[in-house]
Amino acid sequence: MSAVAHASLWSRLRSIPVEYPFAFGVVFSGFKTSFSDLLVQKVVEQKEWKDVDWKRNAAFATFGFVYLGGVQYAIYVPFFSRIFPTAKTFPGKPWRQKIKDFRGMFESGAQVFLDQCVHHPLMYFPAFYCTKELVMKQEPDLVACLKEYQGNMKEDLLALWKIWVPATMANFAFMPLWARIPTVATTSLVWTCILSAMRGGDVTHGEDMAGGAVTGATLEMIEEGFGTLFTDPVELEADKSHVMITAAGVDRLGLVAHLSRAVSDANGSITHSRMVRLGEDFIITLHAAVPPEETRQFKRALKRDPNLKCLNLQFAQLNPRDNTEQLPAQIGLRVRAVGEDKPGMLASISETLNDKGLNIETVSTDLQFHGGR
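Numbering (my numbering), first residue to last: 5 to 377.
It should be emphasised that the hints constitute simulated quantities derived from the structure, not laboratory data.
As the structure is a computational prediction, the values presented were derived from the model and not from experiment.
A few of these clues could be false.
Derived DSS-like pairs (lysine-lysine); straight-line CA-CA distance at most 27 Å [stated by the list, open to error]:
(1) Lys-166 - Lys-151
(2) Lys-141 - Lys-158
(3) Lys-244 - Lys-303
(4) Lys-303 - Lys-313
(5) Lys-46 - Lys-59
(6) Lys-141 - Lys-54
(7) Lys-102 - Lys-166
(8) Lys-346 - Lys-51
(9) Lys-360 - Lys-346
(10) Lys-46 - Lys-141
(11) Lys-92 - Lys-102
(12) Lys-46 - Lys-346
(13) Lys-166 - Lys-92
(14) Lys-59 - Lys-151
(15) Lys-141 - Lys-151
(16) Lys-244 - Lys-307
(17) Lys-346 - Lys-54
(18) Lys-92 - Lys-104
(19) Lys-59 - Lys-141
(20) Lys-141 - Lys-51
Simulated restraints on C-beta separations [to be verified]:
(21) Leu-362 - Glu-159: 32 to 38 Å
(22) Lys-46 - Met-349: 18 to 24 Å
(23) Ala-242 - Phe-319: 19 to 25 Å
(24) Met-349 - Arg-18: 43 to 49 Å
(25) Ile-20 - Leu-362: 45 to 51 Å
(26) Ala-78 - Arg-18: 21 to 27 Å
(27) Ala-78 - Arg-281: 50 to 56 Å
(28) Phe-319 - Gly-258: 20 to 26 Å
(29) Ala-78 - Ser-15: 25 to 31 Å
(30) Trp-99 - Pro-324: 54 to 60 Å
(31) Ala-78 - Gly-258: 54 to 60 Å
(32) Asp-255 - Leu-350: 23 to 29 Å
The C-beta atom is built at its ideal place from N, Cα and C for all residues, glycine as well.
Please model the complete structure; the sequences and the hints are all you need to start from.
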């Protein structure tokens, strides 16, 4: 094919969204929503292809075609352009003309207000919650799901506005009418990709992420992901005595409460802790910082506490690292690895990190049963 033919084909393809904006928006939104759900099922919920819920995928795709592509197009394009005459011309103006067009800026802001404060609270979220209820539950209860939305409304709207107010302002101020729906769909897809990358293997929150909407729950996951992605180790205070406590005993109600209260009453401060139930036993490892002159009394108080008699308590003294030689600034990374369980996984991962010159500060492992595996 000649260069001229390539250019002609590309020109025709580029003209499709402009000539058929409604059809393009519907198809784009539908396939985007289908792909987003597939991304959540494969990456987050860790499903094999044979286990993918295609009925659920088709239902979310239908929501994408009908609501995100059709209903939103009707609101964003014919309705907004009819009540806001500058909606069609304002996005195409250069910056210098935009800042002088007060009516255009006002109408652009008014569109954002109607979309974020009327359309989403009263139409989009109820439709999304009902769709998710019908798709995800074996016995859907639409009344209960709308009550759930009512309870989540504040968190969902605050999360929505943090992401979509600036995104919608840019969309309505700079994108031509035909590109409004594709822009919304693309932004939503990027959100789902980030969420899936951060929460891969988090099977317990798959339902919250289904549909790829910006809600209070998904925003909290994103913020938590960014907050834990880069971590720095905390050094021990030089003016404190540092005691490592290991406690083991048959699991029963109140062990953690009794131990933490005993540490507090003995003037200790818990900084790091790891607790896990293994079989019928509960294992606790924690670090407590205490005034140096009270270390002996601290250990004695815990040994004599009647609520801790059922635990085998062991104490070890910790020493701060020697940081007299100034080291170059370092940054910590939290690595999350998810996969089907097999012997040697931790050994392979830790050896790989060691070969790369990375020092492991903490390790946490667990097993999750999911999808029959």
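Right, here's what the structure says about each hint:
Simply put, Lys-166 and Lys-151 have alpha-carbon atoms about 23 Å apart, close enough for the 27 Å limit, and the pair holds. Note on Lys-141 and Lys-158: the hinted pairing holds, with a Cα-Cα distance of about 24 Å set against a maximum of 27 Å. A distance of roughly 15 Å separates the Cα atoms of Lys-244 and Lys-303; the hinted pair therefore holds under the 27 Å criterion. For the given pair, Lys-303 sits about 13 Å from Lys-313 by alpha-carbon distance, which is consistent with the 27 Å threshold.
For the hint linking Lys-46 to Lys-59, the alpha-carbon distance of about 15 Å falls within 27 Å, and the restraint holds. The straight-line distance between the Cα atoms of Lys-141 and Lys-54 is roughly 20 Å, inside the 27 Å bound, and the hint therefore holds. Pair hint Lys-102 plus Lys-166 holds up; C-alpha atoms about 24 Å apart against a cutoff of 27 Å. Only pairs whose Cα atoms come within 27 Å are accepted, and Lys-346 paired with Lys-51 is accepted, the gap being roughly 17 Å.
Straight-line distance between C-alpha atoms of Lys-360 and Lys-346 comes to about 23 Å, which keeps the hinted pair within the 27 Å bound. Of the supplied pair hints, the one linking Lys-46 and Lys-141 holds, its CA atoms being roughly 19 Å apart against a limit of 27 Å. A threshold of 27 Å between alpha carbons decides the hint, and for Lys-92 with Lys-102 the separation of about 13 Å falls inside it, so the pair holds. Distance check on the hinted pair: Lys-46 and Lys-346 sit about 20 Å apart at the alpha-carbon level, within 27 Å; holds.
Our distance criterion of 27 Å between C-alpha atoms is met by Lys-166 and Lys-92, whose separation comes to about 26 Å. A C-alpha spacing of about 25 Å is found between Lys-59 and Lys-151, which places the hinted pair at or below 27 Å, so the restraint holds. Between the alpha carbons of Lys-141 and Lys-151 the distance comes to roughly 16 Å, so the proposed pair stays at or under 27 Å and holds. With a C-alpha separation of about 21 Å, the suggested pair Lys-244 and Lys-307 falls inside the 27 Å cut-off, and the hint holds.
The straight-line distance between the Cα atoms of Lys-346 and Lys-54 is roughly 21 Å, inside the 27 Å bound, and the hint therefore holds. About 17 Å separates the Cα atoms of Lys-92 and Lys-104, which keeps this hinted pair within 27 Å; it holds. Simply put, Lys-59 and Lys-141 have alpha-carbon atoms about 12 Å apart, close enough for the 27 Å limit, and the pair holds. As the CA atoms of Lys-141 and Lys-51 are separated by approximately 18 Å, the hinted pair is consistent with the 27 Å bound.
Judged by the Cβ atoms, the range 32 to 38 Å given for Leu-362 and Glu-159 holds: they are separated by roughly 37 Å. Checked against the hint of 18 to 24 Å, the pair Lys-46 and Met-349 passes, with Cβ atoms roughly 20 Å apart. Between Ala-242 and Phe-319 the C-beta distance comes to about 20 Å, which sits within the given range of 19 to 25 Å. Between Met-349 and Arg-18, the C-beta spacing of about 48 Å keeps the proposed range 43 to 49 Å intact.
Taken as a hint, the range 45 to 51 Å holds for the pair Ile-20 and Leu-362, whose Cβ atoms sit roughly 48 Å apart. For the hinted restraint 21 to 27 Å between Ala-78 and Arg-18, the CB-CB distance of approximately 24 Å keeps it satisfied. Take Ala-78 and Arg-281: their Cβ atoms lie about 54 Å apart, and the range 50 to 56 Å holds. Hint check: Phe-319 to Gly-258, Cβ distance near 22 Å, so the stated range 20 to 26 Å holds.
In this structure the supplied range 25 to 31 Å holds for Ala-78 paired with Ser-15, their Cβ-Cβ distance being about 29 Å. Hint check: Trp-99 to Pro-324, Cβ distance near 56 Å, so the stated range 54 to 60 Å holds. Hint check: Ala-78 to Gly-258, Cβ distance near 58 Å, so the stated range 54 to 60 Å holds. Asp-255 and Leu-350 have their C-beta atoms about 24 Å apart, which keeps the hinted 23 to 29 Å range intact.
Violation of the numbered hints given earlier is absent; every hint is satisfied by the structure.
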